[in-house]
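Peer 1: For chain A, the structure is supplied; the task is to place chain B on it using the hints.
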Amino acid sequence: MTATDTLTRAIGTPLARIEGREKVTGEARYAYEYQPENVAYAEPVQAHIARGEIRSVDASETLAQPGVIAVIWNENAPKLADGADAELALFQSRRVAYRGQYVAAVVADTQEAAREGQRLLRIDYVEEPHDVVLRENHPKLYTPEKVNPSFPAHMEKGNVEAALASAAASVDVTYRTPAFHNNAMEPHATVALWQDGDLILYDSNQGAPAHRDAIAGVFDLPPERVRVIAPHVGGGFGSKGTPRPQAILAAMAAQMVERPVKVAVTRQQMFAVTGYRTPTIQRMRLGADAEGRLTAISHEVVEQTSTLKEFAEQTATATRVMYAAPNRLTTHQLARLDVPTPSWMRAPGECPGMFALESAMDELAIACGIDPIELRALNDTQVDPEDGETPFSSRDLVGCLREGAERFGWAERDPTPGVRRDGRWLVGTGVASSTYPAYRRAAQASARAEADGSFVVRVGAADIGTGARTALTQIAGDALGTSVDRVRVEIGDSALPKAGVAGGSMGTASWGTAVVRACEALRAKLDDNAELPAEAEADTSEEIEQQKKRARHGFGAQFAEVRVDSDSGEVRVPRLLGVFAVGRIINPRTARSQFIGGMTMGMGMALHEESVMDAAFGDYVNRDLAQYHVPSHADVQSIEAAWLDEEDDELNPMGSKGIGEIGIVGTAAAIANAVHHATGKRVRELPIRLDRLIECA
Amino acid sequence: MQTPASFDYERATSVEGAIASLARLGPEARVIAGGHSLLPMMKLRLAQPEHLIDINDLEAELSYIRDEGGEIAIGALTRHVDLLKSELLAQHFPVFRDAEEVIADPVVRNRGTIGGSLCQADPAEDLSAVCTAVKAKAVIRGTDGQRVVPMDEFHVAPYMTAVNDGELLTEIRLPLFPGAGSAHEKVERRAGDWAIAAASAAVWVDRSTIHDVGIGLSAVGLTTVHLKRAEELLRGKPPSEELFQQAGQVASEDCSPMADGRGPVDYKRHLAGVLTKRALSRATARALKQEA
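As given, the protein sequences belong to chains A and B, one line each in that order.
Position 175, counted from 1, in the first sequence is what the numbering used here calls 169; the numbers after and before it change by one each time, with no gaps.
Position 63, counted from 1, in the second sequence is what the numbering used here calls 174; the numbers after and before it change by one each time, with no gaps.
Just chain A, with the same shape it has in the complex:
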């Protein structure tokens, strides 16, 4: 039997989640549920000012509270390594960089006592004027050296200004997206304990090995002295991609009180300390010739970061991939404000950037009098539009648009906006493209054949609710030429072979490659009649370094039908359809969940989500899910995800592209375009609130 004989046995089947039963019965343990003996509880205290300095801390009442063991702040906190991530340099300075920053903590025997102690702590501040509102003419705007993770901030080709000036049709519009906060079902939590100088953390994160390395750095420990354990994680969406202050607090408090310590971030704290998507101001200029062929694409982005560190979201990078045009400009500018540091949130860059580009494409289609699908098809490209030569490993944007059009019933669409009525409801449809890069990162894995005929595959991967454990089991089963029930995949522990985080939609591709290579190596040993148990390892660094230069991206098309109440401005979304071309689908069941989950978040972005900055206090005010609105099940009516068969042998041994993020990309634009089609009103600022559709007074 050869590897190719069995390659498709489990891959492509809708295997149910391996840990599904454990999760629904409550047996699956999440970070906060680990209960070491003699554990204590730490509660962070958050800054009450947006900028300034702590003058003094009066802990007398707190320390008098029964059960309180310690108060930690700048004066007594242990020194952490220099040069650590400034958001993790807990209590190393008296400076306050943003409202809500952790400035002290209370450790107690019980959570209740810690919380009461937290309430009683008196902190006196020297307050300074703060600057928290992003605007396009902010005097502090600068161009960063690169945007996340390492793209040029500024790219230019040809002469955009001249091309726009002579274009037969053009648009020049500005879109705005508010700050968005990622809120996983399981808020961040850590249980820390020290054993003989070694640090052990039960933590909720998107990658145990990466967290181990970062936390070891903060405490100036060699990585092998730190172990991070995270077998089950209740969602991350980017916010658990890097360690957050609660992990450092747990470790620091455990060190100081010489007991294991638990820290659970509250939902309210998540709006300050666990990252968010920057607000954006995006000027889009598109020019086209008389036929609708793009002559110029310009996408200029303004966004924010904190004074602590630079996080530059790559908002315009999708624009560098989507359409051909000889004259191109993409820029990013940042202002350092007295706000928390933005971070990864599902499809950072692509998600807000494609709202602007794909809304502008809709506006251009109207300006040109061309169907929006035809406009996109006309400007499709099979080579990287920036360098004009690198071929895509595969690209079927047009196939997605055509298949979606067929399924959605696009052919009957009358493009005239604001003319379809069903009683008091105005009805419209919209389309937008979607894309996400297909990256891979080096990883290690091991595979072991046991004497009883079963196999154990180990990789330092993370399953944050995506189904990664299940997909890796399918990949391993096929690579080993055995059935999935004979394979146990171990993930979620930094003691396992080193692998990268579940992020950038590259988890399965990266870990899967290492798993396949380890399984192949094991099979080679077994073919040589190795004695059982037998084990083999793999490291994909070289393979990934040597891969051919290709533009590797997934593509998709999002379709939306909306109904807008002409009196109240209420928006309903009776239908959402996403069609994706993303290589081979490993598990159609979990893949569908990824797509429709992303699309639902895209709907939330379009209609509901908005972190509101209170300029006077310098704080995001809507810090819970009663105020920060996300769609509920009843808001989602018909939602459907489909995918094309796409073969691509220049990706990885599975032939797969990442699907964790593409579902959210383009959805908001499709809905906004449908709202325009329904009402004739173009809302260029998200969310599309009811009051933005109804002009009052």
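These aren't lab readings, by the way, just hints derived from the structure by calculation.
Note that beta-carbon positions come from the ideal geometry of N, C-alpha and C, so glycine has one too.
Some hints could be false.
[Stated by the list, open to error] To give an idea of the interface, some chain A residues facing chain B are shown, with a C-beta separation under 7 Å as derived from the structure: (1) 20; (2) 103; (3) 105; (4) 561; (5) 568; (6) 602; (7) 605; (8) 606; (9) 621; (10) 623; (11) 628; (12) 629; (13) 631; (14) 632; (15) 685; (16) 689.
Peer 2: Chain B only, in chain A's frame:
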């Protein structure tokens, strides 16, 4: 993690016992029924009662919807889901079903109660507007007996009611008059959210004339807004879309919304008008048995 401050807890075995405990424990005692408002407030430390008196075992005494001839009586412990499913209520006051279909979600409706909703006195709460529209009366019992309070006097301020320390809301009474029709209209930012605005209307039509009318609005004032001026405008007139439009205009003027994450003041005023008109139209169509 959110945990409430520590508190004492007792399960009442009778209404009398619950009232005795409330009287004994004074202002730091709170009744817990469904707990869907009180427990989150305790976890957020917005409320720190020292004693909780759990009345969930009092269903035999406090959970019912019955026709008492001339009045419908609803026990304070009646759950939202029972209000939603009640055919008796749907027959006389369909406004309850309208409202219950859009109050939170099934999990909350399975547990939350009418008494809890009214006593929470959240200005955005739906049933307070419904009860205002249908001219409900609240029966409040204390150690010295009971008193009956009209809705206008029930809500005294945001989150404050006429129920004093040592008292328990036990029953809601809905007077029955002929020619009734009622409806509730709500707009929310997402399904199950608090209203941006909601309007409840009840009309009593006699020989093609609006004999009487009640209108209550949610979420556009410090407490439920009782639209007395709009009611005055409608009373004694034949129903018409123009008349309801005028009533909507009055609603826009007479409410006092605040700007928040759910919308600016102008939009909320606009919405109060739209929903008042809609609720009146639907209530009247039901009264005339002409509902589409």
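Peer 1: All hints, please: hold or fail.
Peer 2: Checked hints:
1. 20: violated (17 Å)
2. 103: Violated, because the Cβ-Cβ distance from residue 103(A) to chain B comes to roughly 14 Å (cut-off 7 Å).
3. 105: Constraint on residue 105(A) satisfied, holds at 5 Å.
4. 561: holds (5 Å)
5. 568: violated (14 Å)
6. 602: holds (5 Å)
7. 605: violated (10 Å)
8. 606: It holds, given that the least Cβ distance between residue 606(A) and chain B is near 6 Å, below 7 Å.
9. 621: holds (5 Å)
10. 623: holds (5 Å)
11. 628: Constraint on residue 628(A) satisfied, holds at 3 Å.
12. 629: holds (5 Å)
13. 631: With Cβ-Cβ at 10 Å, over 7 Å, it is violated.
14. 632: violated (15 Å)
15. 685: Holds - the Cβ of residue 685(A) comes within 7 Å of chain B, reaching about 4 Å at its closest.
16. 689: violated (9 Å)
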